[in-house]
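Asker: Sequence:
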Amino acid sequence: MLIAPKPTYPWPQLPLATVGGAANKPKEVQIELVQMDFGVHIETDDPAVKARVGTSPLKVWMSKVQTVGNCLQQICAQWELPTDKVRLWDYYSSTRYSRLENLEATVASVPLYPGQLLLVEHQKSDGSWHF
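Per numbering that gives the first Met the number 0, residue 0 is the first one in the sequence shown, and the count goes up by one each step.
Simulated from the structure, these hints should not be mistaken for laboratory data.
Even for Gly, the Cβ is constructed at its ideal location relative to N, Cα and C.
A hint or two may mislead.
Here are the simulated distance ranges between beta carbons [stated by the list, open to error]:
1. Ala50 <-> Pro110: 28 to 36 Å
2. Ser55 <-> Leu102: 34 to 42 Å
3. Pro110 <-> Thr82: 21 to 29 Å
4. Ala50 <-> Ala107: 30 to 38 Å
Derived lysine-lysine pairs resembling DSBU-like cross-links, with alpha carbons at most 30 Å apart [as the list claims (entries may be wrong)]:
5. Lys58 <-> Lys123
6. Lys84 <-> Lys63
7. Lys49 <-> Lys123
8. Lys84 <-> Lys58
9. Lys84 <-> Lys49
10. Lys84 <-> Lys123
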C-alpha cells in the first residue's frame, strides 16, 4: 500500500467559538480536530497513470473540517494527476456508492469515516468517463 506521508503541518486553525458567558465576557472553546485516514483506489485506462499509481491503494490523512476538494487535491498531488481530469467517489465496502460532487463540503458533512475507501475516476483520453 502506498502511504502518503502523515502531514507534519498543523491542521487548519479553527476560530475559537464563543459560547455562553456574559455578553461582555464570552467563553472561548477550543474545537478538537480529529485526524482521519482513507484508502484511495483509482480507475484509469492510462498506462502512464497506472505505472505511477501502482496496484496498492494510497493512504491519505485528513481532518473532519477539511473539504472534499482538499482531499482531492492531496490525492492528485500524490499521484501527479490534474484535478480537472478526475472525479472522486465514495467507495464504501469496495462498491462505488456515490460521487462526491460538492468539493466545498467538509469531510464530516459528506459523511466520510476513518478507514473508508475512496475511488478516483480518471477521465479517458477521449474525454468520456468510466462511470
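Asker: Which of the stated hints cannot be reconciled with the structure, identified by number in ascending sequence?
Answerer: Of the numbered hints, just 2 does not hold.
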